[in-house]
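**Student:** Please take these sequences and the hints and turn them into a complete structure.
Number of protein chains: 4
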Amino acid sequence: MKAAIVGATGYGGAELIRILQQHPEVTIESLHSSSLEGSKIADSYPHLQGVSGMKLESIDPEKIARNADLVFTATPSGVSSELVPAFINEGVRVIDLSGDFRLRDTTAYETWYNKKAPDEAVLEDAVYGLTEWLDADVTEAQLISNPGCYPTAALIGLAPLVKHKMIDPGSIVIDAKTGVSGAGKKATSVTHFAEMNDNLKIYKVLEHQHTPEIEQVLADWDPNIGAVTFSTHLVPMTRGIMTTIYVNATESISPAKLYDLFNTSYKDCYFVRVREPGTYPSTKEVYGSNFCDVSLAYDERTDRIMVVSVIDNLVKGAAGQAVQNMNRMFELDEKTGLSFAPVYP
Amino acid sequence: MKAAIVGATGYGGAELIRILQQHPEVTIESLHSSSLEGSKIADSYPHLQGVSGMKLESIDPEKIARNADLVFTATPSGVSSELVPAFINEGVRVIDLSGDFRLRDTTAYETWYNKKAPDEAVLEDAVYGLTEWLDADVTEAQLISNPGCYPTAALIGLAPLVKHKMIDPGSIVIDAKTGVSGAGKKATSVTHFAEMNDNLKIYKVLEHQHTPEIEQVLADWDPNIGAVTFSTHLVPMTRGIMTTIYVNATESISPAKLYDLFNTSYKDCYFVRVREPGTYPSTKEVYGSNFCDVSLAYDERTDRIMVVSVIDNLVKGAAGQAVQNMNRMFELDEKTGLSFAPVYP
Amino acid sequence: MKAAIVGATGYGGAELIRILQQHPEVTIESLHSSSLEGSKIADSYPHLQGVSGMKLESIDPEKIARNADLVFTATPSGVSSELVPAFINEGVRVIDLSGDFRLRDTTAYETWYNKKAPDEAVLEDAVYGLTEWLDADVTEAQLISNPGCYPTAALIGLAPLVKHKMIDPGSIVIDAKTGVSGAGKKATSVTHFAEMNDNLKIYKVLEHQHTPEIEQVLADWDPNIGAVTFSTHLVPMTRGIMTTIYVNATESISPAKLYDLFNTSYKDCYFVRVREPGTYPSTKEVYGSNFCDVSLAYDERTDRIMVVSVIDNLVKGAAGQAVQNMNRMFELDEKTGLSFAPVYP
Amino acid sequence: MKAAIVGATGYGGAELIRILQQHPEVTIESLHSSSLEGSKIADSYPHLQGVSGMKLESIDPEKIARNADLVFTATPSGVSSELVPAFINEGVRVIDLSGDFRLRDTTAYETWYNKKAPDEAVLEDAVYGLTEWLDADVTEAQLISNPGCYPTAALIGLAPLVKHKMIDPGSIVIDAKTGVSGAGKKATSVTHFAEMNDNLKIYKVLEHQHTPEIEQVLADWDPNIGAVTFSTHLVPMTRGIMTTIYVNATESISPAKLYDLFNTSYKDCYFVRVREPGTYPSTKEVYGSNFCDVSLAYDERTDRIMVVSVIDNLVKGAAGQAVQNMNRMFELDEKTGLSFAPVYP
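Chains as they are written, first to last, in numbering that gives the first Met the number 0: chain A, 0 to 344; chain B, 0 to 344; chain C, 0 to 344; chain D, 0 to 344.
These are computed hints drawn from the structure, not numbers from a lab.
Take the hints with a grain of salt, since some may be wrong.
[Said to hold, decoys possible] DMTMM-like mimics (lysine to aspartate or glutamate), calculated; alpha carbons at most 20 angstroms apart, straight line:
| hint | chain 1 | residue 1 | chain 2 | residue 2 |
| --- | --- | --- | --- | --- |
| 1 | A | K334 | A | D267 |
| 2 | A | K203 | B | E28 |
| 3 | B | K203 | A | D302 |
| 4 | A | K115 | A | E131 |
| 5 | B | K39 | D | D298 |
| 6 | D | K203 | A | D302 |
| 7 | C | K203 | D | D42 |
| 8 | C | K164 | C | D259 |
| 9 | D | K39 | B | E28 |
| 10 | D | K203 | C | D221 |
| 11 | A | K115 | A | E81 |
| 12 | B | K203 | A | E81 |
| 13 | A | K54 | C | E131 |
| 14 | B | K54 | D | E275 |
| 15 | A | K203 | D | D298 |
| 16 | C | K334 | C | E81 |
| 17 | B | K1 | B | D42 |
[What the hints assert, rightly or not] Going by beta-carbon spacing under 10 angstroms, a handful of chain B positions derived as facing chain A:
| hint | residue |
| --- | --- |
| 18 | D197 |
| 19 | T228 |
| 20 | L233 |
| 21 | S281 |
| 22 | Y286 |
| 23 | E299 |
The structure presented is a predicted model; accordingly, all values stated were derived computationally and were not measured.
We put the beta carbon where it would ideally sit given N, CA and C, even for glycine.
**Tutor:** Here it is in C-alpha cells:
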C-alpha cells in the first residue's frame, strides 16, 4: 500500500513518518509541503537523517492520487477543508488529521474555529474515526476524519458511562492537561521554553475548539447530553495528555462494578488499557505509543465518578490513531505497525 | 524579634530562612533539626553558603523558648503534634506549618493523616491562619496553624463565592496541580527525575489529607457545604500550584459582576491579585513570591463558574504565609519582608 | 532465538524488553530479578501492561542456560562479576551491560569501581563490544562486554582521529553531559526532581569509572595515548548523552578533510550518522533510537578539533548496542529490530 | 537615586525591575521601550501586576537625562551603540548591558557581532564592569559596559590562575552551558519548548560573540594569552550558566594550594563563593541571586586544572552585576539591594 503525507513538516506529519517507516504493509510514496517544496524532510527534521532521504514535493492532488492509495492530510485546520475535496474528487482515500471534517454542524465549526466551514457534501461523507467506537464499516470509506487529541482521551474515558446512561447528563466536567507539542511546531511566546519551563498555564478558557467535538459525539451516544465544561492546560512536558473527568453518578456504583464495565467495554481493544483498580496512569506510561490508559474512582462522599485517561497526543491523539484507522480501512489487523511499546523512562 | 525554626532542613524550613534573612524586623535566632544536629545548614543547603553560617541545634523546647519570641515548626505531620505542646507550655508562640493543628475534628485527622491526633487542649487554641480571611485577632494568639498549600489556593479562590452563597453547595470540584517540591525533600521513586520529568501524574486519588481541611473551612463559611471533590496532580515543575475550580452557579451572573465581587473582596489584600478579565495566571507568574493570583470565567452554556488560582506552594502555600501570619501576630504591616517580586522567567 | 534478561527491573533491562518485544528473530524467554521474584514486570513498569505479561523469576543459571540461547545481564557492577561465570560455565552465551568485564586491568577495576574484580579467566574471554569498531569475529564469542554509555559516545567521536594519529596524544579533553536516567532507577537526593529540575550539576569529578575504559580503548588504538581528562554533568533531561571533545590537531586540517575522514570511517555504519558540515546534533535527535550522531569543527585560531557526538544513553549507550551486538553474534543484519526512528519531538 | 531602564521588556530589563523595586537607595524613574510605548509593563509581564504600575515610555534621551541619575540600557546589541552616545551627550550616566561597548577593537566587534561598531570616542570612555576585578575607580565613570553572562562566569573562574601565570597560555578550553533565558525573550524554533525540553543543544560553534570578550580581558591580565576555545550549549533549564574550564598547569599544584589561591583572591568578594574542596556547585544553588560559585580540581594524571563556576545568567550575568556596578558608581556598599538568597529548590 502506498501513502502520501500532506503537511509532512508539522508534528503530526513527522510522527506519521516515524510510524509508517516501520509499518510492514505501507510504503511512504511521497511527502508534501506547501512551503518547503524541494528541500529534504531531514533538513526540517534532522532526526530523520538516514531514516528518510525523501524530498518534500508540492501539493498536486491529481499526481498524488495517481501514485498513492491513501493520503494523510496533516495540515492545519482551514487548509484541509480546501484540499480534501480535491483528493476525494481524484478518487484517492483520505485520512484527515486537521479537525476540519469533525463537526457536522458547519455553524458550530465557524464559531469555534473561526474559519470557513468545509464543503457540506464532502463533510457528509466523512466518518469520525474514534477507532474503538467506530460504528461504520470503513473498508469502503473515502474520508476518515481523525479525532482531536483531547476528544480521543476524553471520549474513551466517557464512552462506557455515557452509553450505559450511568451519569447525570449535565454534570460532565473535563479537566484536560496537555504537553506542549499539542500547540504545534510553530514557535510562539506561549511555548517559549524560558517561559513554559517550570510553569503551568491554562489557555483558551471556555473557547477550545475541541469542546463541540466532544459534545457532538456524546450527544450521538446519549441525546440527553448537552454542553460539557471542558478546560485545557499546558503542562511543561513535550508529549502527553491527561483528562481528569468528573461526573455525577445517577446511582451509587461499587468500584468493582465500574471496573467491570470498563473491562467489558474494552476487552477487545488492544490499545485501551484499563489499569488495575487503585492504580492510575501517568502520561509517560504511554509515551510514544498508541495506548490509551484509563483508571476509575468512585467518590462515595459526593457520588461522583472520576475517570482518568492518558494518551500520547501525537500518537493515539493524532498519527497513531490515523494509522489505526488506515489499518481498519484496508482490512489489516488494527495493531499492524502500531504495537511498539511506550518509551519509558 | 527573634525566631527559631524547627525542622530547618525541609523545604519549608529552607524557604523560611530565605525569607527571614531579608526581613527587617526579625533575626533568625536558631535552627533546629532532629537528625542533623551539629552540622551547618549550608551543608544541607549549599545555596545558603555565605548567607547563613548557622549550625543546626537539637530541639530543646525550654532553651528555644528562653531565646526566641516565636517558633516556626516546619516539621512533618505527626511530629509537630508532639512538639508544639511543649513550646506552648514554655510560653513561646508558635506558627506550625505541619498540618497537625488544622483539623478540629481529631477523628478526621486520624482518618486522613493516619496518625495520632494532637492534644485537644492545644488544638482548641490553634488559630487557622488563612491570612486574608482571618477572623480572629491574632496579636495575642499562642498558636497559628498555617494552612496547607492546596487549601490556600482553593480557599482564596472559593471564598467570595461561598461567603456570598452564590454556588450550589454540592457542586464543588477542585482539580489541583502542584510542582514536585510539594512532595517534600525526601527522594522517592515517585519524584525521581528520570520518571517525573516529561510526565504528569495523578496521586492520592480521593485520599488527600487536604480534603477535610478545605471542607472544614468552607463549612465554617457556609454550613450547607459538605463534601467536595478534590484531586491532586504532580506536574513536572519545581514550584507552583494551580487549582482549577468548577462550581454550579445558583443563578446566572455576568463576568463583570463576578470580577466586581472578587475585586471588592480582595481590595485590601496586597497578596491576592485578581487578574484582568480574560487573562489567566500561570504558576510561574507568582514563582518565589507570596502572591496568589486569581481569575474567573463564567460558562453560560453550563451555568458553571470557573475559578483559577495560583500560588508558589513554598511561599504563599507555606513559608511566606507563615511570615505573613507572623507579621500579623506582631502587629507589623503584613507585607513586611514579603514584598519581593516573583522571579520571572 | 531465545533470550533471558537478568536484572530486568533496571532501566537497561526495561529498555531491552522494549526493543526485544519488537525484534523479529528473538523471543524473550524469561525475566529475572534478585529482589522481585514472582511479581509481574508490569507491576514494576506499568507502561508494559498489555505488552508483556511475564513474571520475574529468580536467577538460576542452570535453568536459564537450559532454556535460553543468550543471557543479557543488566545487573549492577559488582553483581555481574559474580553471575556471569556461572552462565559461561553452563554454556550459555552472555552480553553483559554492567561494566564488570570492560577493564582488562583488574587493579584499575578495583580502584575505579571500588569493588572486587571479576575472575580473570572469564575476563580474558570477554570481547569489548563497541560494535562499529569490533575487531574480533564475535559469532563464536561466549561473552560480550557491552560498552559504557559515555565511552560509546566518546569513542565513536574519537576513533577516526586516534586511529589516524591526527591528534596530540596528551591533549584529549572530553566534556560529557548526560540525562538523568544514566544515574539508574534508584531514587536519590541527587536525582530528586525538585532539585534536579531546572538545574545542571557536575558530578564524580575526576572519579568517573568510565575514564579508564575510554583510556584502555584509546591506548589499544594508539599506544601513545595515556590519560585523558573526562568530566561528567547531569542535565535536566531523561535521556541523552552529548560528549563535546577537544583535541589538539597535530597539523592543520580543513573542515572538508575532517568530514571526509569521518564519512569514510563510518560509511558502512548505519547507526553512526555524520551530520552535515555546519550542523550539530542535539540529544533529542537520537531519542529512543540506536543512532550516534557526530559533528566536527576545526578551530583555526587554536588548532583544536572539536567533535560533538550524541546518543541515547539507554539505547546506543546500553540496550540498543547490546542488541546490535547480539545481532552480530547470531549473524543477523546488525539493524534487525533496531531500525526504528528517533522519537521527536 | 533615580534610574531609568531602556529596553525594559527584555529579560534583562525585567530582572532590573525585580531587583531595583527592592533596592533601598533607588527609585525606578521610568521604563522605556521602542515598540510598546504607552502600554503597562505589567501587560508584558503579568508577574509585575501589583508590583509596578508603570507604563512604558518612548526613548527620549533628553527627557530621560533630565529626570534620571542613571540609565540602564538593556537593549539588544546594535541598538545600544546608537542610543548610548545620546545619553552620554546629555550628561546622564549609563550602565550598558548590550555588549556593544565591551570590545575595544571595533574590527573584532564587527566580525563577531556582524553589526556596525559604536563610536570610538564613546567606546574609549567605557569601563568594563567585571565588578570583582574592576581596576578603575568608577565613582566618576560615565559609562560602564556590563560584562556578558558567559565572560562573567569564565573570567571569575580564570582570574586567579591567569593573574598568577599558573597556566599554559595556549591551553584554555571553556565548555559553557546556559539556561534558555540566555537566548532572550524572542520565541524562535531553537527555543520552542516542545523541541528544547528534554534536549541538549550545542550552538554558535566557534562563533559566539563572547569569545573575543573573554580573550580581551585575559590578554589584559596576561598578554601571553591569545585565543581560547570556547563552546556554548543550551541546557533545558530557564536560568543558570556553568562554565567547566580546562587548563594545563605550568607546574604541579596541590589542591589545597589551589583553594588557598582562590580563597585569597576572593576573600573580600561577597558574591564569589569559593566552595568547599571536594564539593561542586550546581546552577540552581545560585538561582535568582547575584552569587558566582567556584570550585576547583587538579587532575594529577594529566596536570590539568579544572575550574567550575556557576552564575544566574540574568543576575550576576546581567541585571545583578549591573546593580552591583551601580552601587560602586554611587559609592554604596556593593551588596546593597543584592543580598537576597538564591531561590532553592
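**Student:** Run every hint past the structure and note whether it holds.
**Tutor:** Outcome of the hint check:
Between K334 of chain A and D267 of chain A the alpha-carbon distance is near 12 angstroms, which keeps this suggested pair within the 20 angstroms criterion. At most 20 angstroms may separate the alpha-carbon atoms for a hinted pair to count; K203 of chain A and E28 of chain B exceed this at roughly 49 angstroms. About 18 angstroms separates the Cα atoms of K203 of chain B and D302 of chain A, which keeps this hinted pair within 20 angstroms; it holds. Of the supplied pair hints, the one linking K115 of chain A and E131 of chain A is violated, its CA atoms being roughly 30 angstroms apart against a limit of 20 angstroms.
Proximity of K39 of chain B to D298 of chain D is assessed by CA-CA distance (about 29 angstroms); at most 20 angstroms being required, the pair is judged violated. About 59 angstroms separates the Cα atoms of K203 of chain D and D302 of chain A, which puts this hinted pair outside 20 angstroms; it is violated. Annotation: proposed proximity of K203 of chain C to D42 of chain D is violated, straight-line Cα distance about 45 angstroms (limit 20 angstroms). As the CA atoms of K164 of chain C and D259 of chain C are separated by approximately 15 angstroms, the hinted pair is consistent with the 20 angstroms bound.
Distance check on the hinted pair: K39 of chain D and E28 of chain B sit about 42 angstroms apart at the alpha-carbon level, beyond 20 angstroms; violated. With a C-alpha separation of about 32 angstroms, the suggested pairing of K203 of chain D with D221 of chain C is violated against the 20 angstroms cut-off. Our distance criterion of 20 angstroms between C-alpha atoms is met by K115 of chain A and E81 of chain A, whose separation comes to about 10 angstroms. Proposed proximity of K203 of chain B and E81 of chain A is contradicted: the alpha carbons are some 48 angstroms apart, above 20 angstroms.
Restraint check for K54 of chain A and E131 of chain C: the C-alpha separation of about 29 angstroms exceeds 20 angstroms, so the hint is violated. Annotation: proposed proximity of K54 of chain B to E275 of chain D holds, straight-line Cα distance about 16 angstroms (limit 20 angstroms). Between the alpha carbons of K203 of chain A and D298 of chain D the distance comes to roughly 55 angstroms, so the proposed pair goes past 20 angstroms and is violated. This hinted pair does not check out: K334 of chain C and E81 of chain C have alpha carbons roughly 31 angstroms apart, beyond 20 angstroms.
Between the alpha carbons of K1 of chain B and D42 of chain B the distance comes to roughly 23 angstroms, so the proposed pair goes past 20 angstroms and is violated. Proximity of D197 of chain B to chain A holds as hinted, the smallest CB-CB distance being about 4 angstroms (cut-off 10 angstroms). For T228 of chain B, the interface hint holds, the least distance from its beta-carbon to any beta-carbon of chain A being 5 angstroms, beneath 10 angstroms. Hint status for L233 of chain B: holds, given a least beta-carbon distance of 8 angstroms to chain A, under 10 angstroms.
Here the hint on S281 of chain B is kept, as its CB sits about 4 angstroms from the closest CB of chain A, short of 10 angstroms. For Y286 of chain B, the shortest C-beta to C-beta distance to chain A is roughly 7 angstroms, which falls under 10 angstroms, so the interface hint holds. Of the supplied interface hints, the one on E299 of chain B holds, with its beta-carbon coming within about 9 angstroms of a beta-carbon of chain A, less than 10 angstroms.
In terms of the numbered hints stated before, the structure departs from hints 2, 4, 5, 6, 7, 9, 10, 12, 13, 15, 16, 17, listed from lowest to highest.
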